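Residue strings, one per chain:
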Amino acid sequence: MILDLHNHSVRSDDGKARVENYCQWIRRRGLAVDGFVLSEHRQFDAESDYRPLEDEFGLLILKASEVETDYGHVLVFGVNEDLQAALDFARVDLPLADVLRESERCGALAVPCHPGRPNVGLFAHYAARGPVPGVRLVETLNGGSRSGENELAGREAERYGYAGIGGSDAHIVSHIGRCATRFEETIRSAEGLVAALRAGRYEAIACPSTSPS
Amino acid sequence: MPVDVAELKQSWTGFEFDRVEFPVTAEELAEFARAVGESAPWFVDPAHPDFRAVPNFATKYHGRRMWPPDFPRLSKRSVGFDGGKRVEVHAPIRPGDVLTARSQIHDIYGKTGRSGMMVFIIHRMEFSNQRGELAALVDWRFLQQPDPD
Numbered sequence: 000m001i002l003d004l005h006n007h008s009v010r011s012d013d014g015k016a017r018v019e020n021y022c023q024w025i026r027r028r029g030l031a032v033d034g035f036v037l038s039e040h041r042q043f044d045a046e047s048d049y050r051p052l053e054d055e056f057g058l059l060i061l062k063a064s065e066v067e068t069d070y071g072h073v074l075v076f077g078v079n080e081d082l083q084a085a086l087d088f089a090r091v092d093l094p095l096a097d098v099l100r101e102s103e104r105c106g107a108l109a110v111p112c113h114p115g116r117p118n119v120g121l122f123a124h125y126a127a128r129g130p131v132p133g134v135r136l137v138e139t140l141n142g143g144s145r146s147g148e149n150e151l152a153g154r155e156a157e158r159y160g161y162a163g164i165g166g167s168d169a170h171i172v173s174h175i176g177r178c179a180t181r182f183e184e185t186i187r188s189a190e191g192l193v194a195a196l197r198a199g200r201y202e203a204i205a206c207p208s209t210s211p212s
Numbered sequence: 000m001p002v003d004v005a006e007l008k009q010s011w012t013g014f015e016f017d018r019v020e021f022p023v024t025a026e027e028l029a030e031f032a033r034a035v036g037e038s039a040p041w042f043v044d045p046a047h048p049d050f051r052a053v054p055n056f057a058t059k060y061h062g063r064r065m066w067p068p069d070f071p072r073l074s075k076r077s078v079g080f081d082g083g084k085r086v087e088v089h090a091p092i093r094p095g096d097v098l099t100a101r102s103q104i105h106d107i108y109g110k111t112g113r114s115g116m117m118v119f120i121i122h123r124m125e126f127s128n129q130r131g132e133l134a135a136l137v138d139w140r141f142l143q144q145p146d147p148d
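Chains as they are written, first to last, in numbering that gives the first Met the number 0: chain A, 0 to 212; chain B, 0 to 148.
I should point out that these hints are in silico values taken from the structure, not numbers from a laboratory. Here the structure is a predicted model, which is why all the values come from computation and not from measurement. All C-beta atoms in this analysis are idealised placements derived from N, C-alpha and C, irrespective of residue type, glycine included. Accuracy of the hints is not assured; some may be wrong.
Label-pair ranges, simulated between beta-carbon atoms [stated by the list, open to error]: (1) B:D3 / A:A84: 38 to 46 Å; (2) A:D54 / B:A90: 35 to 43 Å; (3) B:H47 / A:V9: 27 to 35 Å.
Kindly generate the complete structure, drawing on both the sequences and the hints.
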């Protein structure tokens, strides 16, 4: 099963794509993804119900969040009410250690994204402040990366022994499906996604027909 | 010293700091429509029975001030830049309308990116017509990059 684990809809302040349009694009282009995750910036979208779109397009649509920490941006999968109560998602300076700890405590999973990016990538901060205990996986393939950023992410992930996931970081319709994660098992829910990521049976992939520039 | 975005938001959002009236003429409606590439007769022909403003027309109007008096400048290096506009249309704007625009800071939020910390300031202009009906909301999104610590 292939899931694109990092995308933004119009619910994010800089997102230009409606979720329905992502679905249409995937089907019209015949993209090789079985679903995608919406990780809106600095918030968790608890309101939107995408089940009708899942049924119409035969895609899995899951919700996550992209929060901002003192070590860069972090995807949080499996967000629930406990985690929402524990963290102020709107802050731009959340301590990464807190995000990792509270995610674990609440049954979620925190994954630093675009870690090879200046300022908002994990490894830029590692260079100055050293590694953070508790990081287990990072987004090694990000569809919005500039030249060299994914390469740096891959090298450093290997150095620190982190597993890697892939996501497009799409903000416009045509960017979905650039990068994704291939799982050995079938995933049906956000909880299932967290379990699969913890189990480690997956690989980050750059989709050949829509690979990032 | 780092910018406290939550404090900024609490101090500066939610009060009116400017109010201006704009009488609307047929000529400016048609001229604006043509300037943005419209050709539909109900936007460019004042003789059309449903002649009205294009949806983004209210962005033509500016208030007397961009910020409330004494609003802090977050950077010594630059005054910031335009981060785009968002328009909500609520009622048709037609010739002869007199629009009253009320300005307030609607929201302030921070985000981080490749270039560092950014603070977004949303200046909202609320346009109502002479009948008191809400005609449009225009959010001017302005971006400032605070000076590094």
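Going down the list of hints, with the structure as the test:
1. At about 23 Å, the CB distance of D3 of chain B to A84 of chain A disagrees with the hint of 38 to 46 Å.
2. The supplied range of 35 to 43 Å is met by D54 of chain A and A90 of chain B, whose beta-carbon atoms lie about 37 Å from each other.
3. Distance hint check: the CB atoms of H47 of chain B and V9 of chain A are about 32 Å apart, consistent with the given range 27 to 35 Å.
In summary, the structure is inconsistent with hint 1 from the numbered list given earlier, while agreeing with all the others.
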